[in-house]
Amino acid sequence: MTVNELSPAAKAAVEKKVIDGGWDGKSLVKLMAELERWDNIAEARKARAKKVFIGGIIGTVLGFFLFFMVGLAGEQLGVGIALLAIGVGILIAGIKMKKAARAIDLPNELRVTLRPVLKQLRQDLHPEEKIKVSMNLAGLDEKKCKGTKNLPPGRNRSLTQSTYEEDLGSLRMPLIDGSTAVLRMENLYLKLERKYTGRRGKHKSKTKWKKLTTVTAMLVPAAPLQWDTSRAGKLSDPRNERLTFPEKDGLTIARMDKYYKFKAADDPPGDAAPGADVLRMFVRLTAMRPQPAGGAR
Amino acid sequence: MSCQWQMGLLAMRPCDAPATSACAICGRQLCMLHTSMGQMGPACPSCASRDGSYPKNEDTELASSRDEYYEPYGGAAAYGHAGYFSGTESAAMNQPLMPQRRPKEDDYDATET
Numbered sequence: 001m002t003v004n005e006l007s008p009a010a011k012a013a014v015e016k017k018v019i020d021g022g023w024d025g026k027s028l029v030k031l032m033a034e035l036e037r038w039d040n041i042a043e044a045r046k047a048r049a050k051k052v053f054i055g056g057i058i059g060t061v062l063g064f065f066l067f068f069m070v071g072l073a074g075e076q077l078g079v080g081i082a083l084l085a086i087g088v089g090i091l092i093a094g095i096k097m098k099k100a101a102r103a104i105d106l107p108n109e110l111r112v113t114l115r116p117v118l119k120q121l122r123q124d125l126h127p128e129e130k131i132k133v134s135m136n137l138a139g140l141d142e143k144k145c146k147g148t149k150n151l152p153p154g155r156n157r158s159l160t161q162s163t164y165e166e167d168l169g170s171l172r173m174p175l176i177d178g179s180t181a182v183l184r185m186e187n188l189y190l191k192l193e194r195k196y197t198g199r200r201g202k203h204k205s206k207t208k209w210k211k212l213t214t215v216t217a218m219l220v221p222a223a224p225l226q227w228d229t230s231r232a233g234k235l236s237d238p239r240n241e242r243l244t245f246p247e248k249d250g251l252t253i254a255r256m257d258k259y260y261k262f263k264a265a266d267d268p269p270g271d272a273a274p275g276a277d278v279l280r281m282f283v284r285l286t287a288m289r290p291q292p293a294g295g296a297r
Numbered sequence: 001m002s003c004q005w006q007m008g009l010l011a012m013r014p015c016d017a018p019a020t021s022a023c024a025i026c027g028r029q030l031c032m033l034h035t036s037m038g039q040m041g042p043a044c045p046s047c048a049s050r051d052g053s054y055p056k057n058e059d060t061e062l063a064s065s066r067d068e069y070y071e072p073y074g075g076a077a078a079y080g081h082a083g084y085f086s087g088t089e090s091a092a093m094n095q096p097l098m099p100q101r102r103p104k105e106d107d108y109d110a111t112e113t
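Protein chains in written order, with my numbering: chain A, 1 to 297; chain B, 1 to 113.
Hints may contain errors.
[As the list claims (entries may be wrong)] Reference excerpt, derived from the structure (chain B facing chain A, CB under 8 Å, subset only):
#, residue
1, Gln-4
2, Gly-8
3, Cys-31
4, Met-32
[Unchecked claim] Subject to a maximum C-alpha distance of 27 Å in a straight line, what follows is the list of computed BS3-like cross-link-like pairs (lysine-lysine):
#, chain 1, residue 1, chain 2, residue 2
5, A, Lys-204, A, Lys-149
6, A, Lys-26, A, Lys-99
7, A, Lys-206, A, Lys-99
8, B, Lys-56, A, Lys-26
9, B, Lys-56, A, Lys-206
10, B, Lys-56, A, Lys-30
11, A, Lys-11, A, Lys-119
[What the hints assert, rightly or not] On the chain A side, residues computed to face chain B include the following (Cβ under 7 Å):
#, residue
12, Asp-124
13, Ile-176
14, Thr-180
Bear in mind the hints are in silico, worked out from the structure with no lab data behind them.
In this text, a Cβ means the ideal position worked out from N, Cα and C, and glycines have one as well.
Sequences are here, hints too, so could you generate the full structure?
Next comes the structure, spelled out in structure tokens:
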């Protein structure tokens, strides 16, 4: 699948790495489905590139060894150089494939978080109102690095921590009952690079990543209402959730922030907040609306 | 009679289309769109999603996941384990005003594996 096979909207999103403006529910659900397929392809390419890259490393080491064995000791320099060149060639191809796969990759939040949310809420979306979207799909790059600092090295030669901030953006979804569901997502990445000397005196380095994700779900009522806060304690977990009721334009908004922590070595964590969790956040906010007599369900 | 099937997840409202049958399991009045046919007779999306003999469609899928989302909340199983976040992380995340976006030096344990 190439980028030209995508619909114009999906092509623009993949190329510009941005989704913004007003969207009707059906078009946005369709766009998300297309971008999910595209991201699955990108993930498969990334996995393939990783395999080629590892093969390239093995091939280069083997080629280097054979270069000495066949080329120098066996006095067949041409064959030795050819074997080394094959290994290096695979390695270069692996690096290029990795770069190309990263260039077309989209944040996993699109597939793991947004798509399930929109799919489940499609009957709740207002058919005539537009969903306001402002999403940045550029992913993690050096521009998002907000600083690097040296930490006390301890037993290591050096210990540096870099902080990256990624604002994925927001979705304002007008619902059929006149209220608005707002979803915001932010990621904070911490990259820890440790340089140390191994037992045999070799200089080594290791990289660890930590990703702190903040998902914010807000329910903006159509008219002023008194939220039933008596259930707030039961409906949120203070360990990784925060429930607040800020005021804006004379309306009391129900807001829930949920925090996630993901870890990975070498590459930034690809995990994202599950869409089902976000839906549960919205359901709990809805549960704090004053219920009509006899219950809504 | 009008269809009594509740549409949506957050803004639930009755379908209100003219009813043509009733769910053989729960007795709810149903329009043609929200009727699934199976071994037990006509069924609403919610009952059809719980019975394997009914075909699955968009409405049964939505009904099934809605039932799941409306399960009672609470308990460690739903929200992870108590020790998932360190004390400093929990404190940083639960500031009285805006949550702190950039961690302080002691928010991240560099030696943590």
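Hint check:
no.: 1; hint: Gln-4; result: violated (12 Å)
no.: 2; hint: Gly-8; result: holds (4 Å)
no.: 3; hint: Cys-31; result: violated (15 Å)
no.: 4; hint: Met-32; result: violated (17 Å)
no.: 5; hint: Lys-204/A - Lys-149/A; result: holds (20 Å)
no.: 6; hint: Lys-26/A - Lys-99/A; result: violated (33 Å)
no.: 7; hint: Lys-206/A - Lys-99/A; result: holds (21 Å)
no.: 8; hint: Lys-56/B - Lys-26/A; result: holds (21 Å)
no.: 9; hint: Lys-56/B - Lys-206/A; result: violated (49 Å)
no.: 10; hint: Lys-56/B - Lys-30/A; result: holds (21 Å)
no.: 11; hint: Lys-11/A - Lys-119/A; result: holds (21 Å)
no.: 12; hint: Asp-124; result: holds (4 Å)
no.: 13; hint: Ile-176; result: holds (5 Å)
no.: 14; hint: Thr-180; result: violated (11 Å)
The earlier numbered hints that this structure contradicts are 1, 3, 4, 6, 9 and 14.
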